[in-house]
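Asker: Keeping their order, the protein sequence lines are chains A and B.
Residues in the first sequence are numbered from 16 upward in steps of one, following my numbering.
Residues in the second sequence are numbered from 7 upward in steps of one, following my numbering.
Because the hints were derived from the structure by calculation, they are not lab data.
Honestly, I wouldn't trust all of these hints.
As the list claims (entries may be wrong) - Computed cross-link-like contacts, BS3-like style, restricted to lysine-lysine with a CA-CA straight-line distance of at most 25 Å:
no. : chain 1 : residue 1 : chain 2 : residue 2
1   : B       : 10        : A       : 328
2   : B       : 204       : A       : 321
3   : B       : 114       : A       : 321
4   : B       : 69        : A       : 328
5   : B       : 114       : A       : 194
6   : A       : 194       : B       : 208
7   : B       : 139       : B       : 69
8   : A       : 194       : B       : 139
Unchecked claim - Here chain B is said to cover these stretches of chain A; the calculated rule only asks that three of the stretch's residues, wherever they fall, bring their Cβ under 8 Å from a Cβ of chain B:
no. : segment
9   : 33-46
10  : 218-231
11  : 280-288
What the hints assert, rightly or not - Facing chain A, from chain B, some residues (calculated, C-beta under 10 Å):
no. : residue
12  : 100
13  : 120
14  : 122
15  : 196
Beta carbons are placed, not taken as given, at the ideal position from N, Cα and C, and that holds for glycine.
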Amino acid sequence: MIKKLQPIAYPLFFLAMMSMPAFLDPRWLAVATTFIIFTIVALSTDIVLGKGGMFNMGQALFFGLGAYTSAILNAKFGWPLLATLPAAILIPALFGVLLAGPIVHLRGDYLLVTLIGFNIVFIQVLQNNLGGLTGGPNGIFGLDVISLPGMTDSPQLGAFYTALIALLITLLVMFNLDKSKAGRALHYLREDELAASSIGINTRVYKIFAFALGAGIAGMAGTIYANQYSAVSPEAFDFVQSVLFFSIVIVGGSSVPGIFLGVFVMFVLPEIFREFATWRYFIFGFAMIFTMILRPRGIWPATFGKIPRRLIKEGNNGN
Amino acid sequence: MATKELILTNVTKRFGGLVAVDDLSFNVQEGQIYGIIGPNGAGKTTVFNCITGIHPCEKGSIKWLGEEIRLLSPHQVAARGIVRTFQTIRLFGQMSVAENIMSGRHIKSSQGWWHGICPTPFSRADEHKNWDKVGELLDFFNLSEFAVNPVGSLSYGIQRRVEMARAMATEPSLMILDEPAAGLNDNETLGLIETIYKIREKGITILLIEHDMDLVMEVTEYLTVINFGKKIAEGTPGEIQAHPAVIEAYLGSDDDDDF
């Protein structure tokens with residue numbers, strides 16, 4: 016049933032998303048936009064954590080790096096926000112390589128702590144107004160916005176559709192990755208690193224690749240985030256945000272639908288239950304605990320066995 | 007020098023105070039089925055780990071195609087055409103049989119990492135070609151019916167075949183099998199012998215460790231016997247069976263052979 020729906024599920028999903036602004040008031044439109052942005056960052060976390068199996072608890076760093084790259088280039092150097100996008104992808108990707116390079120050989124928990132450390136250092140740098148560029152604890156505000164044709168009069172609508180385009184690009188990359196040598200290499204090294212290297216996979220290169228690609232995508236989401244609020248400030252990229260993205264991938268599962276569900280559960284549900292004040296986090300904590308007990312691989316885990324049809328012979332006892 | 011010969015000279019590997027491999031030398035010639043036997047804990051698997059770069063040895067030399075490979079990392083060794091299987095099967099458990107075999111195509115695929123972000127007609131053709139190769143290997147190892155099954159759910163014997171198919175997918179010149187018959191029933195062992203011959207027919211040299219003496223005596227052409235990391239004898243299966251040092255090493259450890 017689900018298999019049959021798959022080819023039309025994504026177009027339907029995008030149609031539904033595109034018609035969203037017609038039903039939502041400004042507050043919910045902002046929630047929907049942030050939902051999309053967080054989904055992009057969660058997908059980028061999934062490349063490292065879900066596919067590559069590396070405990071990445073510092074994704075907010077790359078998200079923030081992209082946002083601040085855009086904000087600084089826009090506010091201090093006067094670049095149009097859209098023109099800052101390539102830099103906001105490449106600089107985090109470069110930092111992904113530089114930071115991951117010396118630490119990717121570390122095992123799960125050690126890597127996790129190192130990345131938390133990087134994230135904390137990053138926030139300190141932002142708050143201390145490095146080189147007079149980052150604006151200190153208040154961040155940078157009054158940024159330009161990306162103007163989509165026909166939406167110059169409504170920046171909110173523009174922000175929403177810009178985010179949707181970025182999500183579409185991210186999903187394309189995710190699908191391409193799954194059908195490529197590089198994407199499979201990540202799965203192999205997660206499942207068994209020694210076996211992967213014994214058949215010739217340079218695990219170090221592909222681990223760094225995962226970090227760089229994840230960082231680049233998170234950087235792009237950073238630009239979109241700066242565009243939505245026309246401001247950036249340090250607390251949005253705190254290590255607690257990294258924990259959120261980490262939890263989304265673990266609770267949702269390492270698949271695109273899983274990530275959507277994860278972001279919905281971890282971000283949209285708390286917004287919906289806002290009137291319950293702090294109680295919502297109580298329920299939400301228990302939801303996390305029960306998901307992990309009942310579905311340890313996430314609500315919608317990754318599925319394998321997507322091989323070309325011509326390799327599946329008659330009498331196959333699979334599906 | 008261009009012959010596909012593996013030459014180990016005075017290889018020594020220590021783990022702390024324990025000498026796991028002690029001054030071991032042997033030659034594996036192109037096209038041979040070469041066996042290494044010895045009692046449990048004799049250091050056989052450690053020899054394989056030294057060759058494949060998992061635990062580089064401290065002393066001695068390991069030459070392959072005239073090149074010193076002692077200090078290369080596992081993926082570099084694999085790129086030079088030496089590929090191995092593991093005593094405790096190491097497959098990618100959640101993934102399907104076909105995807106496991108596809109992992110062996112990694113080094114033969116000419117895609118770059120950038121094709122993972124943006125595919126080109128070239129990379130699509132490369133994908134297609136490599137999946138075709140996986141299809142051939144599924145047939146070769148009689149695994150077609152399990153193509154989409156997750157390997158973790160399959161029986162031990164089938165998993166062994168998948169591991170060998172994955173190794174074959176790299177188009178190796180030398181295949182190292184670490185106890186390929188461990189955990190197999192008699193029927194599966196017979197199938198394994200057939201498979202080993204079929205692999206050799208493809209011009210692949212085979213180096214194996216095995217506890218099943220019947221299998222070793224039947225398939226191998228030349229043997230090295232080690233005990234406590236040292237070579238105690240080498241020769242054809244016939245010579246080895248009559249060798250006094252070998253008989254002594256195996257006395258009292260007869261039950262090793264029956265597994």
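Asker: Any hints from earlier that this structure breaks? Give me their numbers in increasing order, please.
Answerer: Checked against the structure, the hints that fail are numbers 1, 2, 4, 6, 7, 9, 11 and 15, while the rest are satisfied.
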